[in-house]
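Visitor: As a plain string of letters, each chain reads:
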Amino acid sequence: MTRPQGDPALEPGLTLILERHLGKPHHVLQALREIQEAFQCVSPQAVGRVADALGVPLARVRGVVGFYAFLGEQTRGRYRVLFSDNITDRMLGNMELLATLCEKLWVEQGRLSEDGLVSVDTTSCTGLCDQGPAILVNGRAIPRVTPERLERIAELILAQTPMDAWPAELFAIEDNVRRRDILLNDDFQPGDALRVAVARVCVPGSEVEAAANERSWREGIPGAALCAPLSTLEEIKRSNLRGRGGAGFTTGMKWEACRNAPGKERYVVCNADEGEPGTFKDRVLLRAHADLVFEGMTVCAYAIGAHQGFLYLRGEYRFLLEPLNEILARRRAANLLGKDILGQAGFDFDIDIHLGAGAYVCGEESALIESLEGKRGVPRNRPPYPVTHGYLQKPTTVNNVETFCAAALIAKHGGDWYRAIGTAKSAGTKLLSVAGDCARPGIYEYPFGTPVRQVLEDCGAGAGKHSTLAVQISGPSGVCIDASEFERRIAFEDLPTAGAFTVFDTSRDMFEVARNYAHFFAHESCGFCTPCRVGTAMLRDTMDKIADGHGTAHDLAEIQELDKVLHMSAHCGLGHTACNPTLDTLKRFRPMYERRLKSLDFEPAFDLDGALATARRMTGRDDAGAHLEMEP
Amino acid sequence: MNAPVEAKKKLRVATTSLAGCFGCHMSILDIDERLFPLLGLIEFDRSPLTDIKHCGPCDIGIVEGGICNAENVHVLREFRNNCKILIAIGACAVTGGLPAQRNHLDLGDCLSEVYLTEPGLENGLIPNDPELPLPLDKVHPLHEVVKVDYFIPGCPPSADAIWKFLTDLIAGRTPKLGHGLIKYD
Amino acid sequence: MTDNTFLLDGEEIPFQPGQTVIQAALAAGGYIPHLCYHPEFKPHGSCKVCTVKVNGRTAASCTLPAQAGLEVESDTDEINDLRRTLVQMLFAEGNHFCPSCEKSGNCTLQALGYDLGVMTAGFRHFFPDRPVDASHPDILLDFNRCILCELCVRASCEVDDKCVFALSGRGLGKHLVVNAESGLLADTDIALTDKAMEVCPVGVILKKRVGFAQPIGQRRYDPEPISAQALRDAPRPPAGAGHCAACEVEE
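Residue numbers (the working numbering), protein chains in the order written: chain A, 1 to 632; chain B, 1001 to 1185; chain C, 2001 to 2251.
It is possible that part of the hints are untrue.
Here are a few chain C residues that sit away from chain B, every Cβ distance over 10 Å (derived from the structure) [as the list claims (entries may be wrong)]:
| hint | residue |
| --- | --- |
| 1 | P2014 |
| 2 | G2018 |
| 3 | N2080 |
| 4 | M2119 |
| 5 | L2184 |
| 6 | A2213 |
| 7 | D2222 |
| 8 | A2230 |
Mimicking BS3-like on lysine-lysine, the simulated pairs with C-alpha atoms at most 27 Å apart in a straight line are [unchecked claim]:
| hint | chain 1 | residue 1 | chain 2 | residue 2 |
| --- | --- | --- | --- | --- |
| 9 | B | K1084 | A | K598 |
| 10 | B | K1147 | B | K1084 |
| 11 | B | K1176 | B | K1164 |
| 12 | A | K264 | A | K24 |
| 13 | A | K339 | A | K394 |
| 14 | A | K394 | A | K264 |
| 15 | A | K237 | A | K264 |
| 16 | A | K598 | A | K564 |
| 17 | B | K1176 | B | K1084 |
| 18 | A | K465 | A | K587 |
| 19 | A | K375 | C | K2053 |
| 20 | A | K264 | A | K375 |
| 21 | B | K1147 | B | K1053 |
| 22 | B | K1147 | B | K1010 |
| 23 | A | K587 | A | K598 |
| 24 | A | K545 | B | K1147 |
| 25 | A | K465 | A | K545 |
| 26 | A | K564 | B | K1176 |
| 27 | B | K1176 | B | K1053 |
| 28 | C | K2042 | A | K24 |
| 29 | A | K394 | A | K425 |
| 30 | B | K1147 | A | K598 |
| 31 | A | K564 | B | K1053 |
| 32 | A | K339 | A | K24 |
| 33 | C | K2042 | A | K394 |
| 34 | C | K2053 | A | K564 |
| 35 | A | K264 | A | K339 |
It is worth saying that the hints were derived from the structure and are not from the lab.
Owing to the predicted nature of the structure, the values given are computational and were not obtained by experimental measurement.
Glycine is no exception: its CB is placed at the ideal position from the N, C-alpha and C atoms.
Let's have the full structure, built from the sequences with the hints guiding it.
Guide: Quick look at the structure:
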């Protein structure tokens, strides 16, 4: 199919971007993201050029643009301001700030200003809950938005100051590390773990030696050369390390399954798509401990025999890209990446960073792999699992940022050292992203088994006027607990968590918390399967109906039914857990729902009187007959 | 029909058509000679067949048509308040149907095009007499406004479907249509 | 029980290695209601209508690999209630006005609704605004009825080697797009003879000027319910041919 040549306004920047990705269909998302960043949109002409240059059908490229929240075929203005809309941002008054900014800029939320200069809207949690409310301007994160800072931002936009000329101070992001344990305290130097790993030898007569000899025959590698990787794998297994992304799969088993999967090429993927509302620990690890992350990935590559790794970085963390690339360059220079790492013949491994573009579901490992391949981030059918059929259908190990950090430390200090920390079923420590109603939000590292009460004390929750009402553990897809449960422990066997720890005090309305999360799931559903696509939207609408004062006991029963349907049939965890925040809060804070309900067992599904507003306006009528009561 | 049912007092039934075409009522009449045994079991309250203007206490209310204006809401509520069992009959009552095909249009645009800007109109005016019910911005199925107990889809449902449904209901069986009788067109 | 059989509602179902539960079941005369599954295409698993319960857990039977000894429950009240709800969700999501649809009587969604006893969508209707694409001289696209099964996407890519269709948007905003910069079907290379023209289970992809050709009573699902017909259609061999290199990135 022939197409007219592209818009001259796009040249030559577009050509430069396309040249980098020419003929690489897996780079669709990366090319689109760069185009979006350069031109603030991916115009239909640009979609066509990407399709031609990368060799992907145009409709499919368009499908990718339509999937990711940060991409769009229409321009959203020279300045696109997105307010992070996690519940913690709400609690810090983000909606009032948003309204103020809209007023200053003469723009309506979600609409492009008439002069095409600016648009203002909301976006899912940007991972700055410890220093909110946060915004993104053209993808660049600005924390701690106050009315004063907002005033300056509005002036910069109205003066059309290029983003590069904005004061750097606006973009300053704190790490806010409040409690360190073995991970954050380690005096780790780049190469520490790898040097130990490559020096490991087989204990004569050990199981590892037998395995190395057996595999040597199968994999065509001298047995001695397999001793160090397999011994490293053995240490990971011995450590009892479990995945830190939330599901808690045993890391050693995952690595071993990947190593054992048939096929020559293997991949290591680091999941830095930290999208769970309320979590931000990976942001801090990637800023302050990136070498540990990359070293963990390299240890994994060594243990499973991979030569290529990817760090999938959420689009919201775009500001980390350049610093991370610098660290990768330093590691290459130090022979900690590249060919024959640390002089070990055949130990070749390198890491590319891929950026996401606003899609929570890409945190699901198979969706993340689809996204890495440049496609819509839709979770795959499983089985087969990524360890056998991952990136490009090749064996792939996907682990969380924190898991790789822990793996690097285990490679350095040994599995026995690690498993001695924490509890029997949950070895090691866990980083918590503490935010919400507390005096000291930030990162807290604890050994597993620490009770919630301890965390609350340390972060200064309940120290002020209001005591602590509830804690949302692990974000909306986790669990909400109340004060009677604060002795429960952070551990896989009690309160498993991906890290979010959001505190609510007695001034908060837990119904509104759940409603915020319901909106989040509806916004982030990928739309692949019927139950989640339709069900999350229904949940959102029902919560809005209750908020508007039209809810009934019937609506609450409907939510219970919806939950059953989602649990039985949704394609992935997003759908399975979408009703959890609502049902958790309904169980623990039922009066917060009930006081909003009508006593009737049925209320219309929509606002009857509101539905007459257009006709009233058009006819100029306002008599009694021109109105409808919700209750007859 | 079973004798015990016949021995009972006749069931009182009301019917009406809201944003509908009376096609479902025509289909009720299409049950033909079976109307005679049916009338042995039921008697009509408010209905186009009786010309009773308001619904009194009834056992069964049968409502055809969707909800397109304020008056529809009032009538539907009258039925819901008076009928022990409320049945939505036909595609419009069940889904919004043909009138709901306007739902993707803006009501304001519709009114101004029809009454103000249509070529050939002079001194156009949108009717604003308080006697006239105001249109809702969208047309809705009945179950979005009141609780509905049973649904008989079809445009219209066939006479056989209506007969089967009502005789099941009157005999105390859970109405079940099955292949050939359940249809949406 | 032999090595290569599993139980479907207590009936023994033989299977070939590589078959999924629904493939083996349909081939052996065991009906499992389904919508986005089509015997000629790779299972997709998005509509979830074919969900079954296996050893206490639920799974889409179209993507679930058959394994010896599985105990599959399908025709139970619990599972049929779930299927009914899923079909209701699809009716509430789009604009499905059967009386004016020329696919009525030949529509899989409608036939499933009949067979499952769906009397109403039940939920609040979303009434989305989905303009039709009538740009093509011979083909109409009425997106109002789209259930996002991706059969046309799969047929156009895997069989026609054209990729005329793809999906864009996400969540409730997910929608079909066509392979033209203008976004119009007229500017794609779709042809009436394409496989993609045959596979739409609902009334989205329609040939112009042939609507309502079959009288009521003679349409596909008039004489017999879909459960009876699906079994007759089941053992069709996969088409296989026409792999689209551009569509599948290094499968």
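Visitor: Quick check: which numbered hints come out false for this structure?
Guide: The structure conflicts with hints 4, 7, 19, 25, 27, 29 and 31, although it agrees with all the remaining ones.
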